[in-house]
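Starting from the structure of chain A, add chains B, C, D and E where the hints point.
Each chain, written out:
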Amino acid sequence: MKAYLIAVDGSEVDASREAAVRLFNEDKLLWLDLFDPDDESLAQLSEFLGIHPLATKDAQRFGQRPKIEDYDSFAQVVAYGVHSINEPLVEVHGFYSPHYLVTVRKQDCAAFAEVRATLTQHEGKRPNRLMLLYRLLGELTDGFFPVLSDFDDQIDQLQDAILAKPTDAQLADLFSMKRWLITVRKVITPQRDMIASLVSGVTELPGMTREIERYFRELYDHLIRISDLVDSYRDLLSGSLDSYLSVVSNRLNQVTKQLTIIATIFLPLSFLTGFFGQNFGWMVQRLTSLGVFLGLGIGTEVAAVVLLLWLFRRRGWL
Amino acid sequence: MKAYLIAVDGSEVDASREAAVRLFNEDKLLWLDLFDPDDESLAQLSEFLGIHPLATKDAQRFGQRPKIEDYDSFAQVVAYGVHSINEPLVEVHGFYSPHYLVTVRKQDCAAFAEVRATLTQHEGKRPNRLMLLYRLLGELTDGFFPVLSDFDDQIDQLQDAILAKPTDAQLADLFSMKRWLITVRKVITPQRDMIASLVSGVTELPGMTREIERYFRELYDHLIRISDLVDSYRDLLSGSLDSYLSVVSNRLNQVTKQLTIIATIFLPLSFLTGFFGQNFGWMVQRLTSLGVFLGLGIGTEVAAVVLLLWLFRRRGWL
Amino acid sequence: MKAYLIAVDGSEVDASREAAVRLFNEDKLLWLDLFDPDDESLAQLSEFLGIHPLATKDAQRFGQRPKIEDYDSFAQVVAYGVHSINEPLVEVHGFYSPHYLVTVRKQDCAAFAEVRATLTQHEGKRPNRLMLLYRLLGELTDGFFPVLSDFDDQIDQLQDAILAKPTDAQLADLFSMKRWLITVRKVITPQRDMIASLVSGVTELPGMTREIERYFRELYDHLIRISDLVDSYRDLLSGSLDSYLSVVSNRLNQVTKQLTIIATIFLPLSFLTGFFGQNFGWMVQRLTSLGVFLGLGIGTEVAAVVLLLWLFRRRGWL
Amino acid sequence: MKAYLIAVDGSEVDASREAAVRLFNEDKLLWLDLFDPDDESLAQLSEFLGIHPLATKDAQRFGQRPKIEDYDSFAQVVAYGVHSINEPLVEVHGFYSPHYLVTVRKQDCAAFAEVRATLTQHEGKRPNRLMLLYRLLGELTDGFFPVLSDFDDQIDQLQDAILAKPTDAQLADLFSMKRWLITVRKVITPQRDMIASLVSGVTELPGMTREIERYFRELYDHLIRISDLVDSYRDLLSGSLDSYLSVVSNRLNQVTKQLTIIATIFLPLSFLTGFFGQNFGWMVQRLTSLGVFLGLGIGTEVAAVVLLLWLFRRRGWL
Amino acid sequence: MKAYLIAVDGSEVDASREAAVRLFNEDKLLWLDLFDPDDESLAQLSEFLGIHPLATKDAQRFGQRPKIEDYDSFAQVVAYGVHSINEPLVEVHGFYSPHYLVTVRKQDCAAFAEVRATLTQHEGKRPNRLMLLYRLLGELTDGFFPVLSDFDDQIDQLQDAILAKPTDAQLADLFSMKRWLITVRKVITPQRDMIASLVSGVTELPGMTREIERYFRELYDHLIRISDLVDSYRDLLSGSLDSYLSVVSNRLNQVTKQLTIIATIFLPLSFLTGFFGQNFGWMVQRLTSLGVFLGLGIGTEVAAVVLLLWLFRRRGWL
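Residue numbers (my numbering), protein chains in the order written: chain A, 1160 to 1477; chain B, 1160 to 1477; chain C, 1160 to 1477; chain D, 1160 to 1477; chain E, 1160 to 1477.
One thing to keep in mind: the hints can contain errors.
The list treats identical chains as interchangeable, and a pair is accepted whether it falls inside one copy or across any two copies.
Stated by the list, open to error - Below 27 Å or equal to it, Euclidean Cα-Cα: the simulated DSS-like pairs (lysine-lysine) are: (1) Lys-1265 <-> Lys-1161; (2) Lys-1265 <-> Lys-1345; (3) Lys-1265 <-> Lys-1226; (4) Lys-1324 <-> Lys-1416; (5) Lys-1226 <-> Lys-1345; (6) Lys-1216 <-> Lys-1161; (7) Lys-1161 <-> Lys-1187; (8) Lys-1416 <-> Lys-1345; (9) Lys-1345 <-> Lys-1187; (10) Lys-1416 <-> Lys-1216.
Just so you know, the hints here were simulated from the structure itself, not pulled from any lab data.
Chain A extracted, bound-state conformation (with noise of 0.2 Å):
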């Protein structure tokens, strides 16, 4: 276990069980990030701050859906991050109190360190506890924007890919693709639906203002775009399927059509030529000067290929 401890001042204090609580005692605690705790101190933290042990045990077996449940005291937060295609979603549990923000998560991810850091750093007025959250809920939702940008590249490749040449690799890439995309789809639509609940007053946290609002509704906007590309993902994805079958069969249409070429031109041919040469010793005893064998035996297969290419361009195939 690994923890992040800071101050009302922003100060970031080591971190500790007594720090933790003198600060919390003093009223002076802001942020308390903890990195994968045993559920033994995460027990013992939720039974000092009051949090309720259904949440706690949410917080100890993680894979919940994005949600806000407002318990009296504190606020319950789930919500979840990315840190690139190919790890799995990083998921947050946050207890938020007018007193508190604690935030427990399993794996690390960009935006904690970048929150940390503008908080210790800047200088002038420091966030309360909500802009706070508000601040780390934003990291963790335009995080994904990056990501799914990389996404879209991808599925360009891809297409571009499956035009040029199509392989089984490909096939695996779309089912993983689409994998991927279902799984962030099945915690987007919930974050969003969870900060949609919170600007339409639905849910209420203590010490939310109209200002603060504001800022939440673009984070709800943000949320919303992100939907939608993932929407129009899925959507260009089973397109992609779609053309992978009709390019593998426009494929083995024009080899088809290369095999039925030769094979109309070649098999006749072969069939005069053992007609002509094989059958009859009557007429391969008299075929035996040169101008014969010029004019009757390559004029015949002259004759035939031209009637050949005469078809073929009439019926458009060449």
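For chains B, C, D and E alone, coordinates are given in the frame of chain A:
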């Protein structure tokens, strides 16, 4: 018929009609769990407890959707659990009132034994009848998670198998997996909505407190997650079917290309072979030295192969 | 036209105009069931009972959607039943008021005979006109269950048949099954919504009590189950169509592979055969001993076959 | 421009500007029906009747969605009718007030002549302006039924034709049928919603009574049925496209199987033929009697054919 | 940075900071249109006009969804226009208050020049700031119609091209058309909803009157039409992709049939040819007269061809 009878102090009483009547009259009946009762006994019990004939008929017939029906003196609860992927879902009918909880089922399910064990073995405070109902519904619902997780693995294995080598048996698997998923969805959606109606206060159960509601809200959250999982598996299965078709088409394409290459090489060669060898005595008689054999005979073949290879390479087939 | 007339005491009266008028005037008319009446008689009856011309016109024309229209003095009810998969759905028009229940239909349906039998044969309390309407709607609705269960079996059989051997006839079956399902859905959805509007109190019928409403709620539940079944069959049918295509493609793949193997073996062999045998007198004249025949002739063939088999095995074709 | 002018007593008046002005001033103007008026005349009329410039501009431009806009002194109604499958839908703009009904259209449509005929020929009570609007909308809407019924037949014929022999022309038909259906749906959905807003009281028209509302409710019902029909045809069309692909694939499968059988029989036979006949002088010189010809020559061929037939039968190909 | 400054009397003033400040102080500032301003200037302007930092940041960053945000002293409006199919959509940020309308954009768009021209050239009453906002949004929105009409033609051309001859390039076109359509839909849907929120009164703009609302309702109608168009093009595009696959499959079918016919004719003929000519010296030596050549040689070939033609005709292949 088998039955389990548990008193409010957590003690398991031998389940006879007399014992149940006695406990009920003393208001000490916590839970009566009936395993595959005959219609007759059920009807008698219903009459004794004042259960409405419509609710009794449902419990005799089975095959109902999950629902909570509020009859004035009791509530009828129908919910589903799962045993394993290969077995049908476990339908459970419950009759809940402030004075009893009666459950009826026709199959066994781990949830029942577990809840019973917790009740009888653990010391300390006994849950009231509503919390018991919550625990039962919770165990039934949470039983879906490991089964769905197995299902998830099964999808991945199927997808890998399809990419490796598509067979007809995989299609049969896909169809039966889809059918199972449809069965689960038909049950989970109304089960989720029934808990939602409890949590939002549309349906009211006697004994519901704000604290107990939190637990039902947690249950609701789990049901949403299951419902999301089912939807995403549906998506993935249909994606697997599409990629099946694509893999097969791609293989077909490669096989046909192979065929075309072979035919494009050897049909012309056979023709050349026949043309120079069979047709005209004039030619055959003049091609009798080793030099001519090497130069003209082997030379034309080699030239044709080189030409074809150059063509294939230009078209990107090799 | 055929008609059935039943008095409030359950006795079946010979259905003449006079009898109906007399019963109605004595307020003893329970149920008048008209089978394929002519427009004239219907118009006269409607005028006598005070039924609105719009409702009468609907009952003359047929082809309506299920609905309950509340005219002030009576309610118009349109509902559908089913006879078997091969026959069109049975449209039933009903006019319900506290003083009569009149039904009009153009096809026969088991539901009518059953309800009539229950009324006239059973002793004891007779249902009032609203419970009679419930029973009729209930029988019409429940008639869908066995037919849909047959349909379910039919889907399974079709799927098995497709996996065994896909034929064009199966596609025709799929199309007509889809068409039938669409017909059922077009009828079941509004029928469900019409009962929902009754149960939720949006539409009110005179004589509705809390107890009778429970029965209609049960009916509503059955209609939801039917509607769920129809949706899932739709899903399975479209899955069957997809697997049809996949099976066919897979078969095609195997056949083409077979063709390719044959061609890849025998086209080169034929070429070798021709090359060494036909081309050059020089060679043919020198290959005249048994040893050469066995060594060179059979040897090259065997070598080629072994090489190809090794290639096929490496590519996983055998 | 052509115009029809009808007075409240049902008499058709010669449609001049003066006549319209006179009837309007005497409040005897029932219906003024303008066929393809020029922008100038329409603008003058609008100014005279006090129609808002926005509504006038819509009627000059056309291409609007069905809608009812309530301007204070009048209501603007846009609705669509149909002439036949091959012609574009008929857009009708109406201006309704308690003192006039003005309709503007650019194409002819049976509905207009029919409503006019009913008005002028039938004796008895004349409808008021709102019932006239209802009749017009009703005729326009009901005109969709026969056209959609033709469309239904067309789908069945197309499906049969596809199962009999799939051609490219059928795909073009499918595409244009889909396009037509989309056009109809784009018009029917808002038309239905506009009547729904009338029936539910969201939009109010002056002169609406409970009795007239029943008629509009009937109209609403017809629009739902049309909308349901359009949705189901959409489903069937996409099913037809899928079965097209399946039929083609199945045919391809059979053709390829045929090809494979032929090749699997005759490529080995040709090889055997060539091997024993061409290769070695030693063998050819020894096979010169009739017995050997019959025994070895014909015998090997027959044996090969019998072997292949046995294989095909075992694989279920014959 | 380029800027256009227009006073309330319609005169275009040279756009300097001083001029803007002066007009604003005299409350004569009608419209300030900024083309690609630098962040610095925008920040200064925002501070001067009292625009909220969140709105300013949006206008600096761009990439927002269409929305109306009501800040107390002004409203932020984000809307999109279109230039042509090949260029990205034109994002416009507007700040509207009763005292000014400021627009910010980074690309040019015909709508701006047109609105400016109408303002400065036409005599008569000048619009107030809200009508100006309407006109701008109206021009931006109506600009979609001609572009979508071109898109419609493009779909038809593509469909015709696919039916004529399917190529890989068409698949790339389909993909990029789908992508463009998704982009448009992502913008049009929120733009429609934002106008809907204005029209329904959910969002209020200062200066809105019932008369101006009519114009916004007209705008809303246009946005619904655009949104309907986009949905139907989506449908048609996916139909085009399906018909692509079907056309390709059908072509493949015909080509393979052709191949099969050729092979079925010539493989047996070649075998017959080889069998009678190559195998046995006994036969070859006896077939030496012209009569035998014509009768047996040509006769067997002709007989085989006639037999095959009869078979093909019976199967409907010719």
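Evaluate Lys-1416 and Lys-1216 at a C-alpha cut-off of 27 Å and name the case that applies: within, between, both or neither. Classified as neither: same-chain Cα gap 65 Å, cross-chain 57 Å, threshold 27 Å.
27 Å Cα cut-off: does Lys-1324 pair with Lys-1416 within a copy, between copies, both or neither? both (19 Å within a copy, 13 Å between copies)
Can you tell me if Lys-1416 and Lys-1345 fall within 27 Å by alpha carbon in one copy, between copies, both or neither? neither (46 Å within a copy, 42 Å between copies)
Under a CA distance limit of 27 Å, which applies to Lys-1161 and Lys-1187: within one copy, between copies, both, or neither? within (21 Å within a copy, 50 Å between copies)
Under a CA distance limit of 27 Å, which applies to Lys-1265 and Lys-1226: within one copy, between copies, both, or neither? Only inside one copy: Lys-1265 and Lys-1226 sit 18 Å apart there, 37 Å across copies, limit 27 Å.
Intra- versus inter-copy proximity for Lys-1345 and Lys-1265 (alpha-carbon distance at most 27 Å): This pair counts as within: shortest intra-copy Cα distance 19 Å, inter-copy 35 Å.
State whether the alpha carbon distance between Lys-1216 and Lys-1161 is at most 27 Å within one copy, between copies, both, or neither. So Lys-1216 and Lys-1161 pass the 27 Å test inside one copy only (20 Å; across, 35 Å).
For Lys-1265 and Lys-1161, with the copy left unspecified, which applies at a CA distance of at most 27 Å: within, between, both, or neither? within (10 Å within a copy, 46 Å between copies)
Alpha-carbon proximity between Lys-1345 and Lys-1187, which holds within one copy, between copies, both or neither at 27 Å: neither (37 Å within a copy, 45 Å between copies)
Alpha-carbon proximity context of Lys-1226 and Lys-1345, limit 27 Å: both (12 Å within a copy, 25 Å between copies)
In the structure shown, a violation is registered for the earlier hints numbered 8, 9 and 10, in ascending order.
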